[in-house]
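Novice: Residue numbers (the numbering used here), protein chains in the order written: chain S, 1 to 187; chain B, 1001 to 1187.
FYI, nobody ran anything at the bench for these hints, they're computed from the structure. Treat each hint with caution, since some may be false.
What the hints assert, rightly or not - Computed beta-carbon distance windows for the label pairs: (1) B/Gly1167 <-> S/Val16: 30 to 40 angstroms; (2) B/Glu1019 <-> S/Glu4: 17 to 27 angstroms; (3) B/Ala1040 <-> S/Glu151: 15 to 25 angstroms.
Stated by the list, open to error - Derived DSSO-like pairs (lysine-lysine); straight-line CA-CA distance at most 27 angstroms: (4) B/Lys1138 <-> S/Lys182; (5) B/Lys1002 <-> S/Lys138; (6) B/Lys1139 <-> S/Lys2; (7) B/Lys1159 <-> S/Lys12; (8) B/Lys1159 <-> B/Lys1138; (9) B/Lys1182 <-> B/Lys1061; (10) B/Lys1182 <-> S/Lys159; (11) B/Lys1002 <-> S/Lys159; (12) S/Lys182 <-> S/Lys139; (13) B/Lys1159 <-> S/Lys5; (14) S/Lys139 <-> B/Lys1002; (15) B/Lys1138 <-> S/Lys2; (16) B/Lys1182 <-> S/Lys61.
Said to hold, decoys possible - On the chain B side, residues computed to face chain S include the following (Cβ under 10 angstroms): (17) Glu1010; (18) Gly1024; (19) Arg1031; (20) Gln1069; (21) Gly1089.
Ideal placement from N, C-alpha and C gives every residue a C-beta, glycine not left out.
2 protein chains.
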Amino acid sequence: MKDEKALYEELKETFVSREEIFDGYIVHLVRDTVALPNGATATREVALHNGAVCVVPITDKGEIIMERQFRYPFDRVMWEIPAGKLDPGETDHLEAAKRELREETGYTAEKYTFIGEFFPSPAILSENIHMYVATGLKKGDQDLDEDEFLEVITLPMDKVVEMILSGEITDGKTQTAVMKAKLLLGL
Amino acid sequence: MKDEKALYEELKETFVSREEIFDGYIVHLVRDTVALPNGATATREVALHNGAVCVVPITDKGEIIMERQFRYPFDRVMWEIPAGKLDPGETDHLEAAKRELREETGYTAEKYTFIGEFFPSPAILSENIHMYVATGLKKGDQDLDEDEFLEVITLPMDKVVEMILSGEITDGKTQTAVMKAKLLLGL
Chain S
1 MKDEKALYEE LKETFVSREE IFDGYIVHLV RDTVALPNGA TATREVALHN
51 GAVCVVPITD KGEIIMERQF RYPFDRVMWE IPAGKLDPGE TDHLEAAKRE
101 LREETGYTAE KYTFIGEFFP SPAILSENIH MYVATGLKKG DQDLDEDEFL
151 EVITLPMDKV VEMILSGEIT DGKTQTAVMK AKLLLGL
Chain B
1001 MKDEKALYEE LKETFVSREE IFDGYIVHLV RDTVALPNGA TATREVALHN
1051 GAVCVVPITD KGEIIMERQF RYPFDRVMWE IPAGKLDPGE TDHLEAAKRE
1101 LREETGYTAE KYTFIGEFFP SPAILSENIH MYVATGLKKG DQDLDEDEFL
1151 EVITLPMDKV VEMILSGEIT DGKTQTAVMK AKLLLGL
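Kindly produce the complete structure, drawing on both the sequences and the hints.
Specialist: Given below as structure tokens:
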């Protein structure tokens, strides 16, 4: 097996030029021309993203604070853990995790444990979601964005894992973060 | 807890109109105007996607056929399981899974087990990745696309799970599909 640096040198695609396609409310799309390892050029369509966070909030009873939210691209209500984008210019993922948990569910937490990164779609999207487990929860009031509508439901962790394994929970970050919390923390 | 149909009726966003933003090689971006539950309107930027597949190929010895591939949005080489998009007009996910496994790794499999759906980024991307476990593997020849460069490496399943838990594997579908295979199949 090649070491990572050697493989990077062999496979890397080098930036040549950038065309701005669209800079919207959420999606910032560019089309870059890159030089391929074989010397040819190709285009890479990339949705640039400032980063995001998601949180597995676990109560003292071993329950998870879940959300049910309408997702327009699938025209359905989905089960997800609390999550959100970093604000423009924001770089502190932990602060963003605290904010999103509080705003979406009303909960604050005594302890946040970082459990890794999640790249949702690394071929076309530069989004990197930092995943946390939050424990020592205290309930306060929700503070949703004006165009945000969601229902907060508390479910036993075993039930959430069962809903992942049965296919009822389809959201990627939720599947990864909950299973990782289970395997890492021995829950 | 509200039943799913009632919650859908309460939270649904209704299509009003669509603006075509960009129809590229991979990304097809639209901006839809929608009616919100409170009667206001909002815009939703959505990257439309035809669907995709990923495969956890497990050898008789309990090893996983992994790939190391350069991902331009992150300027790094990443560990991933074999995966790929459905061809334009293609609707059979299983056929796509067989094709991607064979083309990217050279392997064919006696048995494919569907282990669920993975929505990478449900707020902005309509992509739905069908996940499979492939067993009864036989090695043949790779058949990569012209602009596809990747290295195929076989690793023990325990090692891959360890790389997920340690944070070395960041790809979303890979984290979900491998942990799901482990928990579902008791591996």
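Novice: Compare the structure with the hints numbered earlier in the document and write down the numbers of the violated ones, lowest to highest.
Specialist: Numbers 2, 4, 21, in rising order.
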